Every structure is written in C-alpha cells, then in structure tokens.
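Participant: Chains P and U, in that order, give the protein sequences.
With this note's numbering, you'll find the first sequence wraps up at 574, consecutive numbering, no jumps.
With this note's numbering, you'll find the second sequence wraps up at 527, consecutive numbering, no jumps.
Hints are computed from structural coordinates only; laboratory data are not their basis.
The model shown is predicted, which means the values in this text are computed figures rather than measured ones.
Just so you know, even glycine gets a beta-carbon here, dropped at the ideal spot from N, CA and C.
It is possible that some hints are incorrect.
Dumping the calculated EDC-like pairs for lysine to aspartate or glutamate here, alpha-carbon to alpha-carbon at most 16 Å [said to hold, decoys possible]:
1) U:183 <-> P:502
2) P:416 <-> P:373
3) P:571 <-> P:371
4) P:390 <-> P:403
5) P:541 <-> P:466
6) P:541 <-> P:469
7) U:125 <-> U:152
8) U:505 <-> U:494
9) P:390 <-> P:490
10) U:189 <-> P:502
11) U:189 <-> P:371
12) P:512 <-> P:556
13) U:186 <-> P:502
14) U:70 <-> P:431
15) P:390 <-> P:483
Chain U stretches covered by chain P per the calculated footprint, using a threshold of three residues with CB under 8 Å from any CB of chain P [to be verified]:
16) 62–70
17) 185–196
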Amino acid sequence: MQIKRLNVLGRTLRLEREMDEFLDRVSEAGIIFKKGVASYLAGGISPEFEQLIEKISGLEKRGDEIRREVEYELYERTLIPDLRADVLSLLESIDVLLNDYEENMYRFLEEIPDIPDQHAGDFTRLADATVACVECCVLAARAFFRDLNAVGNYTHKVLFHESEADDLSSEAIQRIFRSDLPLSQKCHLRYFLDSIDAVADRAEDIADDLTIYVVKRQI
Amino acid sequence: MDIAILIFLSSGLFLGWSLGANDAANVFGTAVGTRMVKFGTAAAVCSLFVVLGAVISGSGAAHTLGKLGAVNAIAGSFMAASAAAMSVYWMTKAGLPVSTSQAIVGAIIGWNLFSGSSTDLHSLATIVSTWVLCPVLSGLIAMPIFLLTGKVLKVVKLHALRLDAYTRIALIVAGALGSYSLGANNIANVMGVFVDVSPFTDFRVADLFHFTSIQQLFLVGALAIAVGVFTYSKKVMLTVGSGVLPLSPVGAWVVVVAQSVVLFLFASEGLEYFLASHGLPTIPLVPVSSSQAVIGGVIGIGLVKGGRNIRWKLIGRIGIGWLATPIISGLLCFVLLYFVQNVFDQQVYRPTPYRLPAAATARLQDLGLDPARLAPLVGKEFGRETAFRAALGALADLDGDTRDRVSDLARVDPLRVDADRAVEGSNGWFSPGQVTALRRLDGRAFDYRWQLVDALATLSEDWRMLPAAKVNKLKNKKLRQQYDALYRAFSVPPQ
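Using the sequences plus the hints, can you model the full thing?
Facilitator: This is the structure:
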C-alpha cells in the first residue's frame, strides 16, 4: 500500500513536470518565432532562418508528444476528474498556439513575402506583441494549476497585448494600403499580418476560457 | 445442524447485505460521487476493511449482542432483522441514504408493540433528535472547515495534480478507517443475536491462529455486508456524492472530515471521560448517525457556496426516507410477526410475566415511593408489561423514569448462576473480584434480575454501580453490559 502510494505520487510528480515542460516548449517557441521573423526581415530565407524553422518544428513535435502523454495519463488514471475536461481543452488550445507559430514560420519559407524595409518594423512590432500576448497566456495557464488568484493578473495582460497586436496590425495594414506597392503585394502582406495577429486572437480566446475554468475550480 | 438456524441466519445476512448497500455511501459516497475513487476500488477497500473491522474488533464473545438483543425469541429476531433489512433495501433502491440502526430500532418497536413490551421512549426521542441535530451539527462543522481549507490551499499553492493525489489518498484512507469502524460497530447488529446459535466451531492452526466460532459467524456477516457494497451501493453513493450537490474533490474530503469530527466530538464517550477526568468542561453528547452527518456536511458546503446548487427536492426525499425508515420497519415487523406466529406457529416472543414481590419494598422506598400505595399490586401477576404498567398508572401518577424502574423490579426473569458459562471466552472482561463473586454464587437461582444485582454487589464492590457522574459513565456502561451478558448467560429457559 505504502509502495503503491509512493508510486502514485511519483507518477503525479512526473505528470506535473511534463505539463510544465509542455508550457516551457510554448514559451521557447515564442522566442524562436520572434528570432525567426527578425532573421527573415534581415536576410530572407537564410541558413539561420532554416535552422530556426527546424528548431520550432522539433518543439512542436515534442509538444504534441507531451500533450498526448498527459491526456492519456489523465484519462487512464482518471486524474483531476472535476477539471479533466477543462485541462484537456486548455492543453489542446495551447498546443494550437505552438502549431500557429510553426505554421507562420513555414509560410515565410513557402511564400517568401516581399516585405519592403519601410514596413519591416511593423512586422517586428506585431510579432513582439503577439509573442508577449502568448507568453502571458502561458503564465496564466501555469497559474491555473498552482495559484488561481494569479490567473486574473495574467489574463488581464493577455487582453492588453492582444488589443495592442490588433492596433499594430490595423495600423500596418493602413500603411501598406496607402503605399505605392502593387495590389497583389499589399494583399500578400496583409495576409501575413492577419496570420500573425490571429495567434494573439487565439491566446485571447484561451484567456477567456481560463477565466471560466477558474470560477469552476474554486473548491 | 438445525435447518431452522440457517433460515434464521439468512435474515442476518439479508440485513448485512442491506447495511453494506446503504451504509457504504457514508464512508465512500463523496469519494465515488466526485469520481475521485473508482467504484470498484471503493467497494474493494470498503469490503476488506469491513471484514477486518468485524472480525478483529467486532466485540468479544461475552458481550456481543446488538440492538436486536432486546428481542427474546430467535424467530422474533429473524422477523425484526428481516423487516429492518427490507425497509433499508427499499430506501437503497430509491437511492436514499438512511440509518440502518434506526431501521433496527423501528423493528424492535414493532416487536415491542406485538409482544406487549413497553417501548423505551428514550430511543424514539433519540431517533427524532438525530434527524435534526446531527445534520445541523455536521453542516455547521463542515462550513468553517470548508472555508479554512480554501484559505490554506490559496496559501500553499499546490499543483492541481498534487492536490488531486493528496485528496485521493486522504479519501481512501478515511474511507478505509470508516469502513473498519462500520464493520466493528455494526456486525453485532447484523449477527449478534445469532451468536448463541452459531453453527460454526472454533478451530486452531498449531496454536498460532485461533479462529473462534463467533469470528467465523462475523466473517460470514461481514461478507454479506461486502456483497451488499459490491452489488448495490453505487446508487446511494452517487446520491450522497453528487446528487444533492455537485461536490469538488476537496469538498468531498471536507464532508468526510466533518462527519468524523461530529462523530468524535458529539458521540465519543471516551472523549467525554477524558475531559471530565481532567476537570475540563465536556461537550454534550448527542445522538449522531453517520448517514445523517454525511448529508448535513454536504448541505453545509452547499450553503457556503451560496446554496444555489443544492437540490432541495432530493433533500426533501431523503428527509422523508429518514422519517419513513423506522416507521415502515416497525409496521412491517409487526405484520410479519403476526404472520409468522399465526401461520407458521413460531414463538416470536417469550412472554415475560410481571409480579411485584413483597421483597421489593425496600427498593420502592429507595425510589421515593410509598409501598403502601402500591400494595394492591404486590404478588399479583400480569402477563404483559403493558398490563402491569396500566395497573401501576391507575394506582400512582409516576414519571417515566420511576415507572421504568418499578417495571424492572416487577419483571420476572428466572436466572441460575453458572459462573463458568459467564466467564468462558470473556478474555479478562470480568475483573478477578467479579469472577470470585460469581463463583461464590454458583448454582444460586434468582427470580428477578435485581436480586442477582443485589447479591453480586454485596459480594464485590466491582459489581456496584458508581454514582451517576460523567467520569463514571464509561465504567457504569461497561458494568451494565456485563450485567446484560450475565442475564443472557444465566437465563433459565421457560418450562
């Protein structure tokens, strides 16, 4: 009985570590995404950019693996029965953020958008705001497991960064469509800005869900 | 082996099964209802610990007799146990948690009515007050524990998974302990009356292991409880754990703790003795039942959370179930006794005559009564207690307690002292002084119980009741149990 109890706790601690690792991967992917956008803006498809794509793919793959393991364990051992559905939905939504980072990087690789120097700053600022938004979302998710009171602080910041990303994207699109660039290029660039901004929108949706989960988790 | 004994035993097994099906919810209901412990795991742990509790701590050979012990004929016990079991079964079928003890007391009241014995109004008052006091106390205790737990968890900041693991372990440990005491405390109600007709024999394995016939009997009863847990307890568990209020796992734990605290504080004579013997103020003891406590705890948490999620309709049904259980059980017992007595020609009670002897005069004076007033009763025989009490009531206006005492003085219960029979298998339950007194009276016959009490009290101070005080309560209780065991062992069967 004693051994089994220790074993149960051991598996719980391992699962706890895996969940933390999953969130670490998402944070790391944000940093790489920022570097990737900066690298593309500086030198297009360079060996450095390709290396960063490889890294983010690795993180996405590992993230998927951990998510599946955690989901399986949660169901197989009927852990946190009252929160399980919310936790699974949270992990899946956060995993989508990781996919979004990877997808955006691949879009640069596949479509090689032509970003004029005068608009490069818009892309950098939007990527920074989006990554900050996702980072706050990750912190909120961490707090959901350990410190419910702190979740509100982070979700509030998510909303702030998301709104900032919306403003930046809107301003950038206005600037692009008021420039002399060909319409096809304007549309192409807008598509990239929308795609990056969508990551922040998704983080905002997760923050909204988290607010509800917190109410449900009050003992 | 007498086939009739096996038939009689079946009612005990049925009662055990009903008890398992209903009372397992008191210990594991919240854990299973919140899905923290799988039903299979809960049933396995509960069954194992019920069996251990019943066999290891199910009270020793000499002093085993549950509430059904008040019934003085085996066919009567059979019907009373069947009536109690049936009423608990019906409530279990409806998914309602009820008190098995109250069903048994209800059945005994049915037997009392049938046999013309008077009913101890105290047991009725106990049942009714339990319905109100116990859930209220449990709810009041659950509220601060729930709030405090919430505050502590905010400070400790445990990971949700670790909190889940700790809560799960706590629920299983609490459930196991609860199951152990469920087995230990209730096996006497299930199997106690069959101890004297146990079809088993003792066996030993090389002096290392001694399995007495009573332990074997209790094992069979405990297995019946275990079968009840496995086959039929899930519905009541879900009512307790999630039907009344959707509980969180921590809430489930709080309910279990509140229930234990209520049982410990308000029902523990050991605690009362400890406090009284150290000169500390005691907590008033009130009748508590774990079935009622667990529901009170759940409601308490619901109220702290604002009371919106409580299903009051279900609470109403549970309340009606509490009310109905002893009533149904009593009525059913009465009808069954009538049936068995008249259709199967079985003796369902042993008539006890009542005759106030002249020798009781001194005792009447002790009670503050004028013997001259009761003179018309002296030497006159009554076939039933109710008839004696009616005659007594016509002569003097006595309060309930004095009436009970006079009634006890008049109760004819022939006894013949057989010291060996009393002491055998008692494993030191009687003090050396008590045993010496018993041996000196060996072979003596008495017509009344109080005559035996007087004779023993004269021979040894260990047989004397101590003055009524809280510090003496436990000792007097043990002495009363010892006297009850003697009455059983020395009872002379009617010619």
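Participant: Hint by hint, note whether the structure agrees.
Facilitator: Checked hints:
1. Only pairs whose Cα atoms come within 16 Å are accepted, and residue 183 of chain U paired with residue 502 of chain P is accepted, the gap being roughly 12 Å.
2. Of the pairs offered as hints, the one joining residue 416 of chain P and residue 373 of chain P holds, with about 14 Å between alpha carbons and a cut-off of 16 Å not exceeded.
3. With a C-alpha separation of about 21 Å, the suggested pair residue 571 of chain P and residue 371 of chain P falls outside the 16 Å cut-off, and the hint is violated.
4. Distance hint between residue 390 of chain P and residue 403 of chain P is fulfilled; the C-alpha atoms sit about 10 Å from each other, no more than 16 Å.
5. In summary, the hint linking residue 541 of chain P to residue 466 of chain P is supported, as the alpha carbons are separated by about 14 Å, within the 16 Å threshold.
6. Under the criterion of a C-alpha separation no larger than 16 Å, the hint pairing residue 541 of chain P with residue 469 of chain P is consistent with the structure, at around 10 Å.
7. Under the criterion of a C-alpha separation no larger than 16 Å, the hint pairing residue 125 of chain U with residue 152 of chain U is inconsistent with the structure, at around 30 Å.
8. Proximity of residue 505 of chain U to residue 494 of chain U is assessed by CA-CA distance (about 15 Å); at most 16 Å being required, the pair is judged to hold.
9. For the given pair, residue 390 of chain P sits about 15 Å from residue 490 of chain P by alpha-carbon distance, which is consistent with the 16 Å threshold.
10. Of the supplied pair hints, the one linking residue 189 of chain U and residue 502 of chain P holds, its CA atoms being roughly 5 Å apart against a limit of 16 Å.
11. A threshold of 16 Å between alpha carbons decides the hint, and for residue 189 of chain U with residue 371 of chain P the separation of about 14 Å falls inside it, so the pair holds.
12. A threshold of 16 Å between alpha carbons decides the hint, and for residue 512 of chain P with residue 556 of chain P the separation of about 13 Å falls inside it, so the pair holds.
13. With a C-alpha separation of about 7 Å, the suggested pairing of residue 186 of chain U with residue 502 of chain P holds against the 16 Å cut-off.
14. For a cut-off of 16 Å, the pair hint linking residue 70 of chain U to residue 431 of chain P stands: about 12 Å separates their Cα positions.
15. Between residue 390 of chain P and residue 483 of chain P the alpha-carbon distance is near 10 Å, which keeps this suggested pair within the 16 Å criterion.
16. Counting residues of the region 62–70 of chain U whose C-beta sits closer than 8 Å to any C-beta of chain P gives 4, which meets the bar of three, so the coverage hint holds.
17. Restraint check on the region 185–196 of chain U versus chain P: 9 residues with Cβ-Cβ distances below 8 Å, three needed, restraint holds.
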